[in-house]
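> So you can see what is in the structure, the chains are spelled out below.
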Amino acid sequence: MKNLYLPIPMKVEKNLIETEDRNIKTLTLSFLNKRDEESFGFMPGQFAELSVLGAGEAPFGIASSPMYKKHLDFSISLAGLVTTELHNLDPGDTVGMRGPLGNGYPIDMLQNKNVLIIGGGFGFSTLRAFTSFMLHPENRKQYEDISVVYGARNPGLLLYRNELSEWEKRNDVQLHVTVDKGDENWEGRTGVVPVIVKELRVDTENTVALVCGPPVMIKFTLPVLAELGFAPEQVYLSLEMKMKCGIGKCGRCNIGSKYVCTDGPVFSLAQLNLLPQEY
Amino acid sequence: MTDVSSKIREEARKLLKNGEVDVIIGFEKGSIPFSATPCFVRNEADTDKLIWNEYCGNNLARYLSEVRGKAGIIAKGCDTRAIVELIKEKQIQRERISIIGVPCEGMLDRKRIMMSCQRKDKTGIEDQDGQLLTRGDSLNTAVKKDEFLYPACHVCTNRNPVMYDVLIGNTIEERKTDDFADVTEFDEKHSEERWAYITDEIGRCIRCYACRNACPLCYCKECFVDSTQPQWVGKTTEQSDTLSFHIMRSIHLAGRCIECGACERACPVLVDIRILNRKMSADVKNLFGYKTGLDIDQPAPLSIFKPDDSEEFMLDV
Amino acid sequence: MDYKSIRKSEITEFLDNLIKEYVIFAPIEKDDIVLYGRIKSGNEVILDYSNSVNSPKEAVIPQLETLISCKTDKDITCVKEHLDEQEQFLLFGARPCDARSLLFLDKVFSDEECKDIYYVNRRNAVTIISLGCTLPQETCFCTTTGGGPFSTDGSDLLFIDIGDSYIVQIITEKGAELVEKLDLRKTQDDELTGMDMLIKKSRASIEPEIELDKLKDKLDRSFEGSAWEILAEKCLSCGICTYLCPACHCFDIVDEERKCEVERIRLWDSCQFPHFTMQTSGFNPRPTYKERYRQRIMHKFSYCIDNYGMVGCVGCGRCVTQCPVNLDIRQVLTSFYGK
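Protein chains in written order, with my numbering: chain A, 1 to 279; chain B, 1001 to 1317; chain C, 2001 to 2339.
Rather than coming from a laboratory, the hints here were simulated on the basis of the structure. For each residue, glycine too, the CB sits at the ideal point set by N, CA and C. Just so you know, nobody snuck in bad clues.
In the DSSO-like style, the derived pairs of lysine-lysine whose C-alpha atoms are separated by at most 27 angstroms in a straight line are: (1) A:K34 <-> C:K2080; (2) A:K219 <-> C:K2290; (3) B:K1221 <-> A:K242; (4) C:K2080 <-> A:K70; (5) A:K11 <-> A:K242.
Pair ranges (Cβ atoms, derived): (6) A:E184 <-> C:A2227: 53 to 61 angstroms; (7) A:K69 <-> C:S2281: 26 to 34 angstroms; (8) C:D2075 <-> B:I1247: 33 to 41 angstroms; (9) C:C2078 <-> A:E278: 35 to 43 angstroms; (10) C:N2043 <-> B:Q1229: 46 to 54 angstroms; (11) C:K2181 <-> A:K69: 51 to 59 angstroms; (12) C:N2284 <-> B:I1247: 28 to 36 angstroms; (13) A:D203 <-> C:D2075: 52 to 60 angstroms; (14) C:L2047 <-> B:V1004: 38 to 46 angstroms.
So that you can see chain A by itself, here it is in the shape it has in the complex:
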């Protein structure tokens, strides 16, 4: 029987400052043991518990694509005890990881569909993983049109800049990066995510939208999607809740009878509509 509470030992490869306010860093981890690396497999949208012994554990979405097996990325926003410790890690340090946890994005049902990715701020991490997964040469032809709407409060808060500019150059993905408020150097789009989504005039037929971002973005984006003609079955959200065990036992992340850690974190809007509004 496997001990589900035992973290996999990982080595810090990089700990990159992502944002100008230094609040978000992206940790790149590699496996210390070859055996762990070989047995580890995950789907985009899944998460893991990262742990620094002495500080504790916290859940983070896996921000890198499963097509790149050697490294795992986690974007970490500075908030509490664990995230402070994670921010302080240097290359060569060790860190624990329990995962993969949760269900991930509905890859099977997205085959041969148009995919609309809608991300805001820090919530973009697992969507980045999935976009990167779809754009991989081995996978790209399994999806029709791919559009990405990604917004941040200001240009300094945009994550994964290098990757965004690579995507910008491709013609098999429509990238719409936006900021709420630009600065003198900002030449891109300005405006909040829901407004940009509305302007897209997407053909909802055969399209599925994947949404992750701050509550306020979700609140205003969902009505826009409905207006555009998305049925609740065509909209997926990745949710965040306070978690401890990550395996559906400790009892705190449930919404109705569903546990975000095991039944989620990705739910269709149709599923969520059947659950109580307690999240």
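Following the hints, complete the assembly by docking chains B and C onto the known chain A.
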């Protein structure tokens, strides 16, 4: 008792009818024997639920800092002392509460009553003419109700409300002096004996925080024990953590605890939490000549500085 | 069904024999209250009790346990798993409701797809001898939740008090093996007749009041609405009901420095505490007593049926007896049921 209940209902009805309060916080009949339970009455018709008996042990002032609107409260001596402190500490406003004061001859410990008849040779217990009659296969014993008084009620010095808008019934005679005999007796024990007693008592603590949550003065939005940044106290049930919690809590209540005993009543494993708080009360009395919950204009001794404050802790260099 | 008998006067000796092989957890009296605890000798056990203040869940989910530890701070490469071999554990004198609660906990911690190794190790080492309830208390409602005063669910052996002796009902293989080792006498026919009458009488005294399926249906339709706010207004948000409950199992995982080691420990937590669901951002999906009390009831009587096919309550009545403000779960359930 029933007379007091009907007068309470009458006053409550008046307050609601005149729109002086939005809610009355009182007691209704409990669901189990020998019990009464806090209730919130918002319309005149429901005032008939209100009762008064010797099982109204909860300190209702605990609800005042949370309840919305103007509140009327049925208050014993200890409840009113808590109200005084809450006003002093600016948690509630005097003009937003109406106090229906009720003199109190002490409340009975439901749990001990039930426990006294739960072993199998006894089959039940009944209240008969002011005595509790234990029925059993082999014996019927009558026990005086006084034997089941809560420990805090035994040493209560404010059986009459210290502040009220209406007083139900007549005042009753108070005990003449502050009786800290229990503290003195405890003080006189050898330190090892005191340590053994405290660690044994607190060793039972399961950290359910009922003591804190039942306390009318434990209103902090974030209790030190819940803080994670920094984490002042460990979260385990090991001695160092549980002791830290109880000792820090009692020190936080020094000069504020009104000795109602709500903490001890709430405790499911009957920890003698009060001994710490009683010791604090005795010290505050001896050092500052102060007693809590009597006068809203008298500042709490630990919130002010006086040049002649006792400074025994200072070392002469 | 197989039966044996044992004289009450022989119980101490019976336990003293078993104590050589088992760690025995049984009801004992300490400072006026009856608590489950480890016994050192058979004569400590109290069997003429109604029910203990705490539940025996401590035997399988201790309030505090170390999951992993590490000698030097932060070095994840030298982690030690705390999976010591379990001693054989005997739960003696548990009430049938408490024995039944272990079947529920099994569904949570021992489900095929996601077994909790710490729980499973402990659970496998547990043998349960329960004690039927000839005198259910006023706060008992086991029949409402699917059990009964002589329910055999979860027990390996069930003791039934027939006066001078106990009839020992053999329920599982494990129980039969234990009885093999001991020299128990054959049960007389008249003892069995007496037992049947006692059982009937006891059952009749706690008739079920609620049909659980109907209740779930009504609860599911009552998630919104002001009823919860009114019902739970007096709730103190303390953890008594959850900590004493034999079926409540929510936990926290924290790191603490203990004895020069960094340990990752698991400890009981309660859905009634505001911090339980408080996110680091400060957002709390269950900010007040209303949402928290609703969670407790919905979890037990709706979500658990969805997830485990069984309610998360065995009707032991501890939350009723011990609630400092007499927030009576039976009244709460009835109020929704009646709607």
